[in-house]
Amino acid sequence: MAHEGTAREKQPFNPLLAVLAALAALFFIFPLIGLITGAPWGHIISVITSETAVQALGLSIVASLSSTAIALVFGFPLAWLLARGSFRGKGLLRGLTTLPMVLPPVVGGIALLLAYGRKGFIGKPLESATGITLPFTLAGVIVAESFVAMPFFVITVESGLRSMNRRLEDAARSLGASRRTVFLRVTLPLIWPSLAAGTVLTWARALGEFGATITFAGNLPGVTQTMPLAIYISQSSNMTDEAIALSLILVLVSLVVMIFRRDRAGAG
Amino acid sequence: MLEADIQLRLSRLDLNAAFTVAAGEVLALLGPNGSGKSTTLRALVGLLPLAGGRVVLDGTVLEDPAKRVKVAPEKRPIALMFQDYLLFPHMSAVENVAFGLRCRGTDKKTAREKAAQTLARLDLAGVTDAKPGAMSGGQQQRVAMARALVTDPRLLLLDEPLAALDVSIKTNVRRLLRDVLRQSNAANILVTHDLLDAVALGDRMIVLEHGQIVQTGTPAEVTARPRSSYVADLTGVNLLRGKASGTMLELDGGGRLMCAGPATGPTLAVIAPAGVAVSRQRPEGKEWNAWLGKVSAVDLMGDRVRVHVDGTPAITAEVPPAAVDELRLDDGGELWAYVEPAAITTYPQ
Amino acid sequence: MVTGNTGTTRRGEGDMRSIRVLTGASVAALMVALAACSSSTTTNAAAGTPASGSAAAKPSGTLVVFAATSLTDAFNKIATQFEAANPGVTVKFNYGGSSTLATQITQGAPADVFASASPKNMTTVTDQSLTTGTPKTFAANQGEIMVEAGNPSHVKSVADLANSALKVVTCAPEVPCGALATAIFKNAGVTVKPVSQEENVGGVVTKVSLGEADAGIVYVTDVKANGTKTTGVPIPASQNDTTTYPIAEIKGAPNATASAAWISYVLGPSGQQVLKSFGFLPPTA
Numbered sequence: 054m055a056h057e058g059t060a061r062e063k064q065p066f067n068p069l070l071a072v073l074a075a076l077a078a079l080f081f082i083f084p085l086i087g088l089i090t091g092a093p094w095g096h097i098i099s100v101i102t103s104e105t106a107v108q109a110l111g112l113s114i115v116a117s118l119s120s121t122a123i124a125l126v127f128g129f130p131l132a133w134l135l136a137r138g139s140f141r142g143k144g145l146l147r148g149l150t151t152l153p154m155v156l157p158p159v160v161g162g163i164a165l166l167l168a169y170g171r172k173g174f175i176g177k178p179l180e181s182a183t184g185i186t187l188p189f190t191l192a193g194v195i196v197a198e199s200f201v202a203m204p205f206f207v208i209t210v211e212s213g214l215r216s217m218n219r220r221l222e223d224a225a226r227s228l229g230a231s232r233r234t235v236f237l238r239v240t241l242p243l244i245w246p247s248l249a250a251g252t253v254l255t256w257a258r259a260l261g262e263f264g265a266t267i268t269f270a271g272n273l274p275g276v277t278q279t280m281p282l283a284i285y286i287s288q289s290s291n292m293t294d295e296a297i298a299l300s301l302i303l304v305l306v307s308l309v310v311m312i313f314r315r316d317r318a319g320a321g
Numbered sequence: 009m010l011e012a013d014i015q016l017r018l019s020r021l022d023l024n025a026a027f028t029v030a031a032g033e034v035l036a037l038l039g040p041n042g043s044g045k046s047t048t049l050r051a052l053v054g055l056l057p058l059a060g061g062r063v064v065l066d067g068t069v070l071e072d073p074a075k076r077v078k079v080a081p082e083k084r085p086i087a088l089m090f091q092d093y094l095l096f097p098h099m100s101a102v103e104n105v106a107f108g109l110r111c112r113g114t115d116k117k118t119a120r121e122k123a124a125q126t127l128a129r130l131d132l133a134g135v136t137d138a139k140p141g142a143m144s145g146g147q148q149q150r151v152a153m154a155r156a157l158v159t160d161p162r163l164l165l166l167d168e169p170l171a172a173l174d175v176s177i178k179t180n181v182r183r184l185l186r187d188v189l190r191q192s193n194a195a196n197i198l199v200t201h202d203l204l205d206a207v208a209l210g211d212r213m214i215v216l217e218h219g220q221i222v223q224t225g226t227p228a229e230v231t232a233r234p235r236s237s238y239v240a241d242l243t244g245v246n247l248l249r250g251k252a253s254g255t256m257l258e259l260d261g262g263g264r265l266m267c268a269g270p271a272t273g274p275t276l277a278v279i280a281p282a283g284v285a286v287s288r289q290r291p292e293g294k295e296w297n298a299w300l301g302k303v304s305a306v307d308l309m310g311d312r313v314r315v316h317v318d319g320t321p322a323i324t325a326e327v328p329p330a331a332v333d334e335l336r337l338d339d340g341g342e343l344w345a346y347v348e349p350a351a352i353t354t355y356p357q
Numbered sequence: 193m194v195t196g197n198t199g200t201t202r203r204g205e206g207d208m209r210s211i212r213v214l215t216g217a218s219v220a221a222l223m224v225a226l227a228a229c230s231s232s233t234t235t236n237a238a239a240g241t242p243a244s245g246s247a248a249a250k251p252s253g254t255l256v257v258f259a260a261t262s263l264t265d266a267f268n269k270i271a272t273q274f275e276a277a278n279p280g281v282t283v284k285f286n287y288g289g290s291s292t293l294a295t296q297i298t299q300g301a302p303a304d305v306f307a308s309a310s311p312k313n314m315t316t317v318t319d320q321s322l323t324t325g326t327p328k329t330f331a332a333n334q335g336e337i338m339v340e341a342g343n344p345s346h347v348k349s350v351a352d353l354a355n356s357a358l359k360v361v362t363c364a365p366e367v368p369c370g371a372l373a374t375a376i377f378k379n380a381g382v383t384v385k386p387v388s389q390e391e392n393v394g395g396v397v398t399k400v401s402l403g404e405a406d407a408g409i410v411y412v413t414d415v416k417a418n419g420t421k422t423t424g425v426p427i428p429a430s431q432n433d434t435t436t437y438p439i440a441e442i443k444g445a446p447n448a449t450a451s452a453a454w455i456s457y458v459l460g461p462s463g464q465q466v467l468k469s470f471g472f473l474p475p476t477a
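So the sequences go chain by chain: A, B and C.
So for the first sequence, the numbering used here puts the first residue at 54; every next one is plus one.
So for the second sequence, the numbering used here puts the first residue at 9; every next one is plus one.
So for the third sequence, the numbering used here puts the first residue at 193; every next one is plus one.
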C-alpha cells in the first residue's frame, strides 16, 4: 500500500485559475524586467566596482551572514523551548519573540535604540562599563538585522519540530539511543527541511533589512551602509543609475542563493 | 526472566498489573482498547515512569520508584516493536535495523553485516537499501521485527505486530513470527486483540481490562473458561454469572438454570451458542432451562447464523441458515430458548 | 504523460495551447491598460497649463507642498495663517530631504509647490523643465552645531568636532545640510569623521536629541525649534556657510491657483515674518 503512489486523475484545465496565476506571475516578473532594462549597461562595470558598491555589498554579506549565524545559535534553542516546553506564559513568549515580524522595521529600530542605544537601559550601562556602543557600528547593523530576521527562523523551526512524529524519538530510545544520539541521528535529520528553509528565509530577510538598520545603526559608507541603505541614499539623491545597478546586484545575489538552496534540497 | 509489578496513575486509567515471564516464554496480553496494554509495554521500556511497583529483568532491578531506581530506556536490554512500526523514514532498511546495534556500541561495518543477515533471515534481502516509504506494509512490518530482534534483547515486546497487515499475508507472517519466537531465548510479551494470535503464538495469556488483570492461564484454559465478557465475546460464547447450589444455578440477572454438574457459591457458566436451541413454541416436556425472550438481532456470519435473544437471561444461539426462513427470524418477535443441562459448563468465579 | 489514449493526448496539447493563448491575452490586456494609464497622465500634464493671471481668482481645495525638513515648524505656522486667510484651502505637506523630494518630483509625484533647502536640488527639477516660471529665493539659513542639552561634551568650536572620541552626525553629502557641513569643515580646516550620514536634517536632530550622537551639524533654525531638548554651539561667520531656499510652482500642478497664492504669501510680509521668527535669515539678493 505504501508504494502504490498517489496516482491522480489529471487536473482539468481551469481558465480562471490559469489567468489569475499568469497575472500573479507577471506581477512579479515585470519589475524584474524593469530593473534589467533600466540598468545602465553602458557603464555598469564602473558602477558596480565603485567604492560605494563594493563596500556596501561587503557589509551586506558580512552582516547578513552574521545575523543568520546568530539566529541559528540563539533561535534554535528558543524554537525548541516553544515547541517542546510546557510552561506558563509560553504563548506570550511566542508572541513577543515573533512581534518583530509584524512590526514595521523602523519601529524595531526605535525600540532597539531605547534598549541598546547609548541612552538605552541596557546600552547605557554597557557603555559606561565596557565603552562598547552598538549604534553606528557593524555590530549595531548585525543587532538590527538579527532582531527583524530571527523570528522567521524561530517560527519555521518551531513548526518543523511540532510537525515531526515524536514517537520516532521514543523508538530510537527504546533501541538504545542516548538523548544525544536521538537528537543527532533522528530529530535533526527529520527537521532538516524546516531548518534549511528557516535559515534561507532568515538570511534573505537580514539581507534586505533597511528600516531598523538605518534607525539604529545609522548610515556611514564602509561602516554601516549596507546595500539597501546605499540604494536608498543614491535613489534619494537622484543618482538613479547607481541605485538601479546596486539593486540589480542585490537581486542577483539573492536569486543565486534561492536557486542554490532548491538544488541542494532536491527536486524543486 | 521478567518480574513485573506495574502501577501507574494516568488521566484515563489506573494500571495495576503484576506478572512474570520466563526466558523463552511468550506471554500474550489481551484486552479491549484503553485497557492499558500498550501502556504496560511503554512502562516496561521505561518511557513511562512507574508510580509504584517494580520491574526486575534477569535479576537486575530496572525500576523501583520506592528506592528511586530508574534505568534509562536506552540502557535497558529491551526491544519494543511498535504497532505502527515507527521505522525511521530517512534511513534505509539496513540502516534502520543496524540502528540499535550502533547505539549499543557496535561498529558500523559489523552492525551493517548483522543487520543484513537478520533482514535476509526474514526474507527481506531485496529491500536492504530501500527506504520505508518505498516498501509494502508487509515488508515494513518485517523490517520492524528485524530491528527489534537484531539487538538480542533479554525482553522482546511486540505491540500488535500483525494488526496492520492484510488478511492474505497475516497467516504467513504469523507463522514466521512463531518460528522467530520459538528460537528466541528472551522473555517475550505479545500484545494483541486477536485471539488467534494469542492461541497460536502464546504460551500463557493475560487478560487486561480497565488496567486490571482479570484472568491468566494458558490460552486453552482462558478460552474454555472465560472470566470476563470481553474474552467470552472474543471466543464467541455465552458467559453467565450466578450463585450455584447443587445443580441449580441462580443467575445474577434473574432466571435459573439446571446444570449437569453440581457447584456451590459464585459460579460462572459458559454456554456455546451452538448449544442453545430456539423455537417459536414452548419446547415440550422441558421443565427447566426453557424461557421466552425477544429476537434482538440476527447476524449472518459466513455459513452460520447467530440469533441474539433478549430475555432473562439474554442469550445468543447459533442456528443453521435454513432456520432463518423456517422460523421467520427476520420478523423478530418472541422466541423460546432452551439449553440442555449438559451444554452448560460451570466453574467457580 | 502521453498514454495510449488519443483522447488524453489531444486534451493535453489543447491544455498547453489554451494556457499560452490566455497568458498572451492577459499580457496584452495588461499592456494596453498600462499604456492607457500612462498616456492619460501625459495628456493631463500637457493639458494642465497654469491659468496665468488667475492669481486674482480665489484659491481653494487642497494644496500639496513638498518642503525641506528644516522648514517644518515655520511652514506649519504659515499654513495655519494661510488657511485662515483663505478659507476653503487645506495645505498638505510632504517634508523630507530636499534631494529625496526632488527625485520624487522628477518621478512624477503630484506636488503643487517645491521649497528646497538649496538651489542645487531645485536645479534638478528645473533641469527637467518641471517648474512654472523661475524659482524665487524666500529664505536663507546657516549652520550651527547641535549638542546634547547642557553640552556635556564641552564642545566649543568646529575644531572640537575633530576629536575622534566624539560621535558626530551630519547629513549625507548629497543633501543640502550635508553639503553645508562639508563646507563648514573645509572653512574651518578640520577633518571630521561622522559616525552616520542622515538622509535629512531631522535625522541628525533625532540622533542628538536621543543622545545617540554627541554632536551634529544642523541649521540654526533646527536648534531654535528644538528648544531645551538640545543646546546649540554657534559657528563663527568666517567658518559658517549659508544655504538659500528657492521655492517654485510645479508645472502641471493640480492646484495652480493656490500654488501661486502660497508662494506669494511666503514671499510676502506675513510669511517672511514667520520665517524670521523661527530663525531664518532673509533671502539674500
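Don't read these hints as lab results, they were simulated from the structure.
Please note that a few of the clues may not be correct.
Derived DSS-like pairs (lysine-lysine); straight-line CA-CA distance at most 30 Å [unchecked claim]:
hint: 1; chain 1: C; residue 1: K443; chain 2: A; residue 2: K172
hint: 2; chain 1: C; residue 1: K328; chain 2: C; residue 2: K416
hint: 3; chain 1: C; residue 1: K421; chain 2: A; residue 2: K172
hint: 4; chain 1: C; residue 1: K348; chain 2: C; residue 2: K250
hint: 5; chain 1: C; residue 1: K416; chain 2: C; residue 2: K250
hint: 6; chain 1: C; residue 1: K421; chain 2: C; residue 2: K284
hint: 7; chain 1: A; residue 1: K63; chain 2: B; residue 2: K116
hint: 8; chain 1: A; residue 1: K172; chain 2: C; residue 2: K312
hint: 9; chain 1: C; residue 1: K416; chain 2: C; residue 2: K269
hint: 10; chain 1: C; residue 1: K312; chain 2: A; residue 2: K177
hint: 11; chain 1: B; residue 1: K116; chain 2: B; residue 2: K139
hint: 12; chain 1: C; residue 1: K385; chain 2: A; residue 2: K177
Just so you have them, the derived chain C footprint on chain A, three or more residues with Cβ under 8 Å [stated by the list, open to error]:
hint: 13; segment: 90 to 97
hint: 14; segment: 205 to 218
These numbers were taken from a predicted model, which means no experiment stands behind them.
Just so it is clear, CB atoms sit at the ideal spot from N, CA and C, and this is done for glycine as well.
Would you check the hint for K416(C) and K269(C), treating anything up to 30 Å between C-alpha atoms as holding? holds (15 Å)
K312(C) paired with K177(A) [C-alpha distance capped at 30 Å]: Roughly 40 Å separates the two Cα atoms, so the pair is violated.
Claimed coverage, the segment 205 to 218 of chain A by chain C - three or more beta carbons nearer than 8 Å: Three-residue rule not met by the segment 205 to 218 of chain A, so violated; n is 0.
Going straight from one Cα to the other, do K421(C) and K172(A) come out at no more than 30 Å? holds (14 Å)
Pair hint K328(C) and K416(C), alpha-carbon separation not exceeding 30 Å: holds (25 Å)
Given the hint that K421(C) pairs with K284(C), does the C-alpha gap stay at or below 30 Å? holds (27 Å)
For K348(C) and K250(C), compute the direct alpha-carbon distance and say whether it is at most 30 Å. violated (51 Å)
Quickly compare the C-alpha distance for K116(B) and K139(B) to 30 Å and report which way the hint goes. holds (18 Å)
Given pair status - K172(A), K443(C), alpha carbons within 30 Å: violated (47 Å)
Mind checking the alpha carbons of K63(A) and K116(B) for me, to see if they're no more than 30 Å apart? Violated: K63(A) and K116(B) sit about 46 Å apart, past 30 Å.
Distance restraint between K416(C) and K250(C), which requires alpha-carbon spacing of 30 Å or less: Given pair K416(C), K250(C) is violated - Cα atoms ~35 Å apart, limit 30 Å.
Are the Cα atoms of K385(C) and K177(A) separated by 30 Å or less? Between K385(C) and K177(A) the Cα gap is close to 23 Å, so the pair holds against 30 Å.
When the structure is compared with the earlier hints, violations turn up for hints 1, 4, 5, 7, 8, 10, 13, 14 and for no others.
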